[in-house]
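Take the sequences, apply the hints, and build the full model.
Sequence order for the protein chains is B and C.
Each residue of the first sequence is one higher than the one before, counting from 1 in my numbering.
Each residue of the second sequence is one higher than the one before, counting from 1 in my numbering.
Source of the hints: derived by calculation from the structure; they are not laboratory data.
Using N, Cα and C, we set each Cβ at its ideal position, and we do this for glycine too.
Please note that the accuracy of each hint is not assured.
[Unchecked claim] Covered stretches of chain C (chain B as the covering partner; in silico rule of three or more C-beta atoms under 8 Å from a C-beta of chain B): (1) 52 to 64; (2) 75 to 89; (3) 231 to 238.
[To be verified] Over the 10 Å line for every Cβ pair with chain C, so calculated as not near, a few chain B residues: (4) R264; (5) A345; (6) S371.
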Amino acid sequence: MTATAEQTGHWLDAFSRLPAADPWLKLLRERAFARFAAVGFPTTHDEEWRFTNVSRIARSAFPVIPADLQAVWPDPVRPLASAEAEAHLARYAAFDANAFTALNTALLTGATLLAVPAGAVVYQPIELSRAAQPGTSAHPRTLIVVGADAHCTIVETYHGTGAYFTNAVTEIVAGDRSVVDHYKLQQESPEAFHVSSLQAQLGQSASFSTHNISLGGALTRNDIGAVLAQGSDATLNGLYIASGSQHVDNHTVIDHALPHATSRELYKGILDGHASAVFNGRILVRKDAQKTDSRQTNKNLVLSEDAVIDTKPELQIHADDVRCTHGATIGQLDAEALFYLQSRAIGKRQARSLLTYAFAQDVVDRIKVRSLRDSLERILFGKFHEHAE
Amino acid sequence: MTTSMPLLEIQNLHSSVGDREILKGISLSIAPGEVHAIMGPNGSGKSTLAQVLAGRELYRVTAGQVLYDGKDLLALSPEDRAREGIFLAFQYPVEIPGISNMYFLKAALNTIRKHRGLDELDAMDFLALVREKMKLMAIDQELLNRPVNAGFSGGEKKRNEIFQMAVLEPRLAILDETDSGLDIDALRAVADGVNALRDPARSMIVVTHYQRLLNYIVPDFVHVLSHGRIVKSGGKELALELESSGYAGLGIEEAEEVAPV
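Spelled out as structure tokens, the structure:
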């Protein structure tokens, strides 16, 4: 057997043991599995995966066992009916373009499918916390359909112990004029593989934000996409912190499909040790998307000589009356600022951790969920303190 | 001349940046409570002297020694110098977005207090101290809630330096061109703050290009620096002499300023 066939065999096993499902879902899984079997895991010859080698994931043969899910959805959020789910599931996270999404869809069972009714203003966040078991692979799937004029907040957290593989896909539909704030806190174990896809479909004049915080995992790959409708706005913020031999890859795609939409993107990374990171930010402005206003920023703080960052903006602009800016920086801690703090009696180690913390501060400040922001501040403070040698 | 033991004793200090020698043998003795002005044209090395005393690594000391309170100052890290009571008011205070002024100053003060064997101040006591010093420095509370120096005007930055000095209560304050970029009102306010901190137990080094500041902060001694050496020392009247005759009157030409990196 070839390597690909061997890999497929493992997943075929899991696929064939899935519980029964509605015919539409069964068909969806079959199509997705066929796709995955045809393409297999990507290699570094694939442009989208040039800097992220997933052969360790491909070689892993962890049995498929769902992560423990702790879910909170406040009233009046409710589970989606099967027919509603059918109308949306896998419409936004396209499995023909991403082998991991294909695998997730092929193994789709026990998905979290929620509806936020039109006009509802839900103050308490929808919380989805997933804990992976050591030596397993989990393929959590989430679909949240937010009705017109509704307001809601979604907080996803991922954690676990030991070595495992998480392959998560989340789809969010933000109805016309809705306001949706999404947060993802990734605190996987140091040995974990974490691959995720978040795809958001915005309705007219919808406002969507996502805050993608990547702290754990040996290897992390996040694909984040937002498709904007007329008058909508999307904010894609991210913070990635990697040390040791961690690798973290963020690929984002903002699709300005229609006119008068705004997008803001701020991704910040802090890299230490032998860590490596990738930021690839594609902004697509389609022919009809006049009056698009788009701004992208990627800033990286590199604390060691051996850390590596590959950052690449990708602007594809097919409309002529648009405003698109982008910028990327890679820098070290500011020696002047370090001396300033030291000259005020603050020890070098503490000064380094303070400045590192300060670098991340503006992403942290944008988190509107108080409890999440507080716990992230505590996590970062501890993390930087132990880093700053 | 004072007979008490000097707080600071600089002996034949040489310092370089890269292979360029900037200080070429500075000797200076400062007793407790004395205010010494260091004057000189651009490029004379006066800011370098301030930075070397505070411990900036960029400037390599190639010869000479500095005794502070009888101990080898140059062996100490910048943070240990600050803990021992040295304070540098920066010519260009650094903006640090993401760290609040209050947090920063509390961390600084408590580190120094701990070093001195004093209890750390809690949030309430710290706030009370800050309020008292704010009044003294006529500084706006709003500035303290902002990140360190971020978005401050030139005058606000300089005033914030002196405010920090008031809170940290150093034994040796080094004011590096605290007058630069200030209009006359801001200059007066800063000078008032400095004068309020004059104390028989506190020495000051006031580095300035212009005599103007010394109308407000009257020094005990004035030293004129040129090409990395002290070429003339005297009392406060030396500053006035410089004001009327200029550096050229002393036969001193201006060299190109070495920008801090």
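Hint-by-hint comparison with the structure:
no.: 1; hint: 52 to 64; result: holds (count 5)
no.: 2; hint: 75 to 89; result: holds (count 8)
no.: 3; hint: 231 to 238; result: violated (count 0)
no.: 4; hint: R264; result: holds, 18 Å
no.: 5; hint: A345; result: violated, 4 Å
no.: 6; hint: S371; result: holds, 21 Å
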